[in-house]
Each structure stands twice: as C-alpha cells, then as structure tokens.
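> Letter by letter, the chains look like this.
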Amino acid sequence: MASEGEWPAADPRRVPLDEIDADDLRFRITTRSEIDPLAASIGRLGLLQPLLLRASGRRCTIVSGFRRVAACRQLGWREIPARVLSHAVGDARCARLAIGENALVRPLNLLETARALALLVATAPDGRLPAEDAAALALPSHAGLAARLMGLERLPAAVREGLLEGVIALAMAEALGRLAPDVACAFARLFRELGLSLNRQREIVSLVTEIAARERRAALAILSEPELEEILRAPEADRGHKARLVRRRLHRRRFPAIRRAEENFESLRRRLDLREHLQLTPSRDFEGTHVTLTLTFETLEELSELRGRLDALLLNPALRRILEGKAEGFAPEPPPPAAHRPSP
Amino acid sequence: MTITELCIDAGVADHPQTAEIRSRLAVPARVVPGPAAVFAEIWAAEDPAGRGKQILYLTRNRGPFLKACPGTRHYTCCGYRILHIGSYCTMDCAYCILQAYFHPPLLQYYVNHEEMLSELENCLAAPVIQRIGTGEFTDSLIWEPWSGLSRRLVRRFAAQRRAVLELKTKTVNVGGLLDLDHRRKTILAWSLNTERVIREQERGTASLGARLRAAAESAAAGYPLAFHFDPVVIYEGCETEYRRVVERLFAAVPPEQVVWISLGAFRFMPDLKALIQRRFPDSCIVYGEFITGLDGKARYFKPLRMQVLRCLAQAIREFAPHCCVYLCMEDDEVWRHALGVTPAERGGLPRMLDEAATRHCGLAAGESGR
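Chains A and B, in that order, give the protein sequences.
Heads up, the first sequence is in the working numbering, so the first residue is 129 and it goes up one at a time.
Heads up, the second sequence is in the working numbering, so the first residue is -12 and it goes up one at a time.
Chain B with its partners taken away, still in its complex shape (with noise of 0.2 Å):
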C-alpha cells in the first residue's frame, strides 16, 4: 500500500532525520503533539491494519534497539537479534503476524538514529559472534526509498568482524547498497515462496523472478545471501512448486554464497485468522489442517509440515548440499524427519548459524576491527 500521509512526533519534528524523509517523501506532513490522535485514527478506521499502512509517524524510540528474537521455548529458536528500526509494513501479506502483533497496527519509523547506534555499538563491543537483524518487525527494505538507514549499517558493520547484519527483505531496494564497501558482514536476505502465494497471499511484494533478480545482483557485489521459506503454506502441489522455486533459486544465485535458508511451515495467533478472514476474503490460507501448537499457536499438523519441510530440504540439498539449513520454530522429531539431524547434534542452532556466518562472512569472535 502507498503511503498517503505522514504524521510527525512533535518531538522529533526538528530532528535531521525527520527533514530528510521529510524532503524524500511527498506526502503531505502534520506535526502531532503525540501518538494518541494518530494511534485513535487508526482503531476507528473500517480496517484499522490497511489504514495503518498509509500512514508513517515518525517518532522516537523509547524502548531498547536491540532486542531478542521472540521464540517461545517449545520450539528451537534460532537466537538472533532483533535491531528495532521501525514497525509494521507498506506491503500486505495475509499472513502477516504484525497485523495482529501491534497495537494499534501503524508503520512507524523511529528517527533517533543516534541512539540506536550508540546501542549498537555497545553490543558490537561485546567479544562474541552476533547475527543482527532489522526484519522481524518489518521489512528490512521498505524503508530505502527516504531513508539512508541501511547505506549507514551496512558502513559499520563491515568496520568490525563480530557481528553479522542480515536485512531480510520481500522487495527489490538493493539498489543503494550495491556500490558499498560492505566487506561480507551484511547479509542480503529475501523471503521466498511459491509463485501462487505470492499472487494469492502478498498483496505489493515484489514477484519472485525481480526478488531472484535482486539477489542475483547483490550476490554480484558481493554479498552474502540469506532465503527464507517463510511461510511455507501447504496446498494441492505445493510440493512440486516449491521445489521449481528452489530450481529458479540456484539458477540465480551461486549456492556457495547462501549463508543459510531457514525453512518455516505457516503458523499463526488465534487471534490472526478472524483478521484474515475479514481482510482477505479470498484468501484460503487458513484452512488448512492446523492444530493447536504447544505454544498455543495455530499449527500444521506435525506430519504435513515434516513432509514438506522434509521436501523442501531435499531439494535445496541437490542444489546446495554444503548450504546450512535450518528450520524456524520446530521441535527435534521434525528436525530430525526434516533434516536428519538435531540441532543439539551440531551444538544447537545458534552456534550453527553463528558458525555460519562465521565462514562465509569471515567472522572472528575475538576481534574487533577489521
């Protein structure tokens, strides 16, 4: 969706960052003395998480930059960190959990850049292996039209050696990044699904031929590359066609440049599905066979997603059998059916994604500079 409007903190309505999204984006701006009229628009509109898309409130970040991925302990979480650049997203997937996450559901980018640096290079003083990562309350990219966030990360993180940023994206914003001098410690990352659940399930993403596109570009500068099968919807053929994803994919990219693929069977709040219901009519997504996870999550049924994890993972083996793949949120039966193994058998996962990152992107957990 477009944003139509932008709606300015009074407490930010000076700072730099706001002048320079204010000069990129043209739309029309008011100054609001506080999130209550804006956060009140939102809920007394027909569709609270379709308004919330067109409207940007640029504001400060009170809370924490950095914060933990948000796993529950039922299933292996892959422990990476969350830097909290903004929230919520202009494209409109089904699916998407940060539909119901926020309250109220409103794209907000937070402008006090300064801070969020000064966290994050306390966290990059620490001696140890970090995969960071911007896309999990948003997309990584949405924000490149208006902001030169992405350009300043990916400059400090190729001026350490400990930590790895991953941008994960479902958009084609690339292009400002390209040119930088990036060093391997920013990993480009895209979701990727079926070409029929793009169509029928993400409304303005980018299609998956300009997603590979994209990565094929990036992976030509250089980059290290991140996919992710997230979510893997289960359907009529689904199998078939996400292995023909997984062929287009490496047709694309060189495997020995994918850092890791992270394979995630769809999984969703209660509270999601009545929303799905009534924003997508036309969806079908959530009729398929789903139970109730232990972590009280709406689940496939564990013999369908080891099936087609299990099918997915075979695929990308023929292609990539040295590419480390991991499952999102699974318990040890499914990764064992899966992928043949635990993640305690290769010392959990997060230090097989740090391992990871480690080899393709020259990590050393002991160094600071370069």
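Isolated chain A (complex conformation) (with noise of 0.2 Å):
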C-alpha cells in the first residue's frame, strides 16, 4: 500500500468528456448502473468529489467515477474535474486506489466485494490475494472465503441480479453456480418470482434435480413445463399461493405414490366425518403400524358423546380401509361386479 507520501495523483483539473475512455471497465467496483438520481445531485449541487483518473496516451482511463461521468455525460457536460494519475502508475496501484475510493466510503455488497477482490488478485504480480492489502481495503482476507466470493463473478447474470436484489442467498448463488448456465437462471428467475426463502429454494432446486435425474431428462426441460408455467402466469394469484403451488407440484412429481396416499388418507379421514373432539392421525409417512386415535374432552356427558360417535365409527368402512388399505395407498377399493351391485 503507498504511504501518506506517496499519493501519486497530481491537483484536480478540468478533463474533457470525450477524452475519457468509459468504456475501459477494468477499475469499475460499483454494480450500480442507475444515473437518474445521481445526475439531478449533480445538477443541484455540482460534483462535489472529483474523479479519478489515468493517463492514457491521448486518452484516460477511469479509475473511480463511472457513475459520474454517465451522469455528467447525461446533464450535458463538456468538461469534468479530475486528478489525473500518470501513465506510469501501474495497474496493481490503480486496483487499490480503485477498490478504496469505494470500500472506505460505503459498504459494498457481494458482488463488488467479489470484484474488488479479483481486481486485486488480477493485478498481484504473483496472481495470488494480498491479503494484507486486502485487509487495509475492508475486504476479506481469508484466501477460503474470497475464492468463494471471487466465484460469484462468473455466476450468470440472472444469478447475480437475484443475489444483488437479496432474493438469493450466497450459498444458493454458489448451489446453482455449479448447475449448467441455462438452467441457474432458470432456477434464479423462478426464485425471484416467488420470493422463496433459502430453505425453501434448495427444497426446489433438490425436487428438480432429483426428478431430472431419476426420468433421465434436463432439469430445465421440468422447470419448463407447462404445468409450471401456468401457476407462474396466473395473473390472479399472489407470490405465496404461486409459491405453494408450485412446491405443491414438484412434490407430486418428485413423490407421486406418497402424495396420492396422503391425498387417499385425508379423503378416507374426512369420510370419517371426525369433526371437533376427534382426532385421527397416521404414523409419520405411514411407516408404523399403528394409527392414533384422540378423543378431547372435559365432561363425562362429552365423552359419552364420544362414545357414542365412537360406535358409528367403527361402522364407517371408511375406517376399515384406512386399517386395511396401506398397501394399495389408501385407494378407494374397487366396486363390485356388477351383477352383485345392488339397484339404484
């Protein structure tokens, strides 16, 4: 890092527009891009913080100030103060001059940290973190941790915009980094549509995966079909309902012999006609044998009620097949023959 002495960069001067090279992105840090609100600042209160900038032959290159050359471009501008580095200072000091005009005035979200961290991997001379440097800049120095956030900067740009927007955590971003591009983004557009939490978008992204794997078929080809696409259009519908439905989809998909059990049980269950008092409750995925029967009361006259709702209970052939029927899913018995049905 240059010391106190060292500050490389001449006095402000008024610097053409049209000589400075915007379109050399290497020093951007910001994932910012709107100019609107920094343009009427501008144009109120003048620019109060010069850019900076460096020599470049004829030309400069931008060093920090992107927004505000966009921004002075837009309020019709000629001229813009800047310092101006020389040409001589070389691209490693650049990168840091670049990284602290924004990690020591604000924080910076993933992906700048990311950027601002390959910045100054890119310009080590031996291409590794300085992570002293990195330190001094409030970026993570631990080599483990900045691979990982260097790694979102290849994420696709649905990806990125999803985490920018906070809708997708960082390990989510990392989870569909390792997925072919076409089929992150579109897990990442449909996160964002929903607004799904962590748990909730890995419970998406495994049901997906896993149906794609096990039908031999593309993960996107199951996120695009038109099942799906019809929930997510529905213009009606709000972000939870699209989302439960959704899930809901999936899950039948993914399990389809246990959820058209558990939609048989709760048919057979609502049969039973239990209402208040009554409980009835299968073994968790109907794995153990038993079912358990509640009865809820305080009185004796209540529970001889029960009693007596108890009978008909076990009666209702609804209960039978609930006892008899796990090996076929709980599905409605056939009728019989014909000829042994009885006449309407």
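Since the hints were made in silico from the structure, they are not lab data.
If you're wondering where the values come from, they're calculated on a predicted model, not measured in any experiment.
Mixed in with the good hints there might be a few duds.
Sample of chain A residues lacking proximity to chain B, with all beta carbon distances greater than 10 Å (derived) [unchecked claim]: (1) 146; (2) 249; (3) 276; (4) 305; (5) 327; (6) 403; (7) 417; (8) 444.
Okay, the calculated bits of chain A under chain B, using three or more residues with CB under 8 Å as the criterion [claimed, not checked]: (9) 338 to 348; (10) 384 to 396; (11) 406 to 415; (12) 447 to 458.
No residue lacks a Cβ here, since even glycine has one placed at the ideal position from N, Cα and C.
Please assemble the complex out of the two chains, which come individually in their own frames, going by the hints.
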C-alpha cells in the first residue's frame, strides 16, 4: 500500500469528457447502474468529489467515478473535474485506489466485494490474493472466503441480479453456480418471481434435479413444464400462493405414490366425519403400524357423546379402508362386480 | 476394482498367513508401522471409497471375530452371527453401505486366523443352533483367489452339527470349495438382482448368469444354497424383471436345495446419498420415493415395499412353495402383506431360519460331533 507521502495524483483539473474512455471497465467496482438520481444531485449541487483517472496516451482511463462520468454526460457537460494519475502508475496501484474509493466510504455488496477481490488478485504480481492489502481495504482476507466470493463473478447474470436483490443467498448462488448456466438462470428467475426463503429454494432445486435425474431429462425441461408455467402466469395469484402451488406440483412429481396416498388418506379421513374432539393421526409417512385416535373432552357427558360417535366410527367403511388399505396407498376399493351391485 | 498395493501391518509381517497372501497376490507390498499412515492415505484421496478398494491392508483383528448382526429394534432381524474375517469389498456397488460404514473405507483382511478359529471353537461349543456368516462386512468370497480361509471354515463346520456357515457373495469364486466334504454345513449364497440393477449399480460383480451357473455347480456338489434379493430396487417394470430373475433362478437350481431366500428393499443411511451422487453420478437409485424409517434410514414408502416384496414372494412361491422366504428388516405389517404371515406366528424369524437350517443341513442342537 502507498504511504501518506506517496499520493500519486496531481491536483484536480478539468478534463474534456470526450477524452475519457468510459468503455474501459477494468477498475469498475460498483454494481449500481442507475444514473438519474446522481445526475439530479450533480445538477443541483455540482460535482462534490472529482474523478480519479489515469492518463493513457491522448485519453484517460477511469479509476474511480464511472457513474459520475455517465451522469455528467447525461447533464450535457463537456468537461469534468478530475485528478489524473500518470500513465506510469501501474494497474496494481490503480486497483487499490479504485477499491479504496469505494470500499472505504460505503459497504460493498457481495458482487462488488467479489469484483474488488478479483481485481486485487488480477493485478497482484504473483496472481495471489494480497491478504494484508485486502484487510486494509476492508475486504475479506481469508483465502477460502475470498475464493468463494470471487466465484460469484462467474455466475450467470440472472443469479447475480437475484443476489443483488437479496432474493438469492450466497449459499444458493454458489449452488446455482455449479449447475449449467441456463438451468441456473431458470432457477434464479423462479426464485425472484416467487420470493422464496433459502430452505424453500433448496427444496425446489433438490426436487427438480432429482426428478430430472430419475427421468433422465434435463432440469430445464422440468422447469419448463406447462403446468409450472401456468402456475407462474396466473395473474390473479399472489407470490405466496404461487409458491405453494409450485412446491405442491413438484412434490407430486417427485413423490407421486406418497402424495397420492396422503390425498387418499385425507379423503378417507373426511369420510369419517370426525369433526371436533376426535382426531385420527397416521404414523409419520405411514411407516409405523398404528394410527392414533385422540379424544378430547372435559366432562363425562362429552365422553359419553364421543362414545356414540366412536360406535358409528367403527361401522364406517372408511375406517376399515384406513386400517387395511395401506398396501394400495389407501386407494378407493374397486366397486363390486356389476352383478352384485345393489339396484339403484 | 483391482488391488494395486499391499500394506502390511508390521505386527503381522512375519505371520504365515501374510506370507501366503504375499505369495499369491502379485502386487507391490510395503510394511507399515500401523494403520494411521494407510488411513491418512485413504482420506487424502480424491475418492476415498474408491481408493480404499485398491489397497489391501493385512492386519490383526484386535476385537471380537464374532458379532451380532447389526439389526435395529424397529424391524425384524434374522439374528445371525457375523464372523468378521475382513472388511470392505473389491467390487463397487452404488448402494453399498460399506462405503459409508467404515471410517475410512479400506479393504482390510485379518490374518490372525488362529485367534479367529479359537473364538469360533468356543462359539461352536454352545449346544444351540447357530447361523454364522462372513458376508456382512465384506463379500465372503472375494478373498478366495489368495486366501484359503473359506476351505478351512468349510472343513471346520463340516466337523460339527450345531451350526451352519453361510458364505454370501456376488462373485463366482466357488471353484476351490466344490471338492470339499462339506457335509451340508456350509450354505453357499448369492445376492441376486435384475439384469438392469446389476448392470447399472453393481460395478465389477459377476453377471446374473454367471452367479446362477456358479450356484448350479455348487448345487451339483451337494451344497445347500441360499439367495438374497437385497437390495430390491423399485423402478418402472421392476416387478416383471424380478419375476424373470426368479424364473431363471429355479431353472438353474433345484428348489429343494434352497435353504432360504431373503428379500430386502433398498434402504440406506442418509449419509450415503451424497456419496452415491458423487461416486455414481449416473445412478438413479437414490431418487426413488423414500421416507425416513423408524431406524433413521431412508426406506421406500411402505406401500411400495409391500407391493414389490409381495410380488417377488409370490413368484418364488410358484417355483418353490416350501422354501423359507423371509424379509430382511421389515415389520409385521409388511410381512403379513408380502408373505401372509408374521414372524411371531412361526415362532420368530431366528427360529424360522434355524428350522430351515436344521432341515436342509442336518443340524441337531444337542450334538457336537458328526
């Protein structure tokens, strides 16, 4: 890092905007792209902080101030105040200045941090993270964490946008980064649309990838199935409702027999007409051999009333089906042969 | 996978068994002071479960050789005893629990046979029927090409009438056993599965046809046989394919020579899932409809297990109506549906198996000699 006496820039001077190469983005840290509010501020108060440029032949490279250049161009300015570094100032030094101008005045988001770290590594003579410089610039200096963060730079745009919006957590962004880019983008779009928690996102990734693996199809094909598209397109449904429908749909695809059995069981339970004070609960995932019947009462009269209902329950064919129909997933019994059916 | 290296614990470097194995196994050998360096090498490998199949570590078993089958209390266990001759396997089945069971997963063979046989003597002295197998922590017969242990065990069991030895395998390594006077005290057993499961999930194992040919040769040599449909894997069309395996089985071997057939639906410890996904990326075996069983293992949804096991049991009954068919680690509800009976109605599963062994192998609880 430069010491106090080594500040390399000259005093600010006015630089014609058309001499600034705004297409050279190598030192850009910010992920913000909106210009209007900044232009409005500059238009009202003027440019409070001069740019930092580096001379490069007849033109200048931006070290810090990308958005300010865009805002001043939008305002129709022809010149802009800037400190201009000599062309002899190396990339490594410029990188540190660019990072410092951002990281030391505001918190960087994850992608900006990733960019800053990548810039430090790219300009380091040995291609490795200079840990002390990173720490001095308020960046993570742990090599493992830095490597993880730098991986974010390679994420597809939709995932990066989700990350910036706070819709996609770092752990999920990394998981999506391990998928094919088109699949990662499809998941990212889904998550941004549904606003799911991290656990729900994980659940959906797992469901889709496992359905795809089992059926030997592409995950993208599962995500593009018409039934899912239809749920997402429904204009009247809110995000929470859509999320429930999407999850239900995927669960049904991933665990068809289990979901069918659950629905059949629920249908039978409804036919028991249990109402209040009686509750019938199956074992978890129907794995145990028992069902549990709970009676809730406060008085002998209530218990007596329940006894009557229990007697009726014992005669209910739905209860027999619950107890004996597990092997068939509680599917309704087939109707008796036509010859034995009672006349209407 | 092929063994590429022999590591010998310094404590057994001069053991006669070690010398015998070294003379038969033509791979580079080195003596190590203890297991630590070998374990470290396995853990450092990119694929420890794969690397552990390439190094054979010869050592001494410092624990008991005879152990109880590691069943759990929630499901019915067969209650047989494990003779712990070694651990892990040279074959590479996607579903193999041993990949996750051993820490690290390393092919180990215990050369202190004298201690093992001494412990076995004590066990065989008990005046009760016992079923003892070597195929729980390893495949019983992968060791055959360079170990004479199975021949020794077959001879020892032939000299008594209280216990039966079950050698369970997916290999065809029975050639060295066929000429022995086994006196029906050794059951040769094969794990069976559909052609598709063998092709997709069982790397390096013998084909179904080869296993059945080996079983037929063993039957011709008078050995009692057993078969284990475990793991039964559920997939589209599996019932037809399992039925086809049953047809082929009984076309190859006489039903009256089969002591028992077990059926066990695929189940796995949760940790195994990520391992299978990593080591067998093309395997779909972990994407079935699993729930968490009462023992914490992932198991197929019970109605699915009930259906496929019943179908398989019915197919077996058609060909071998008197054969003892049992379920591995299932509860009464599944038993009743698949087999029409619960173990308790037959006096318990261990008793069912003891009786089958007694019938087929000529056991007698009170007798020790021939």
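> Of the numbered hints stated previously, which ones are contradicted by the structure, given in increasing order?
The structure conflicts with hint 7 only, although it agrees with all the remaining ones.
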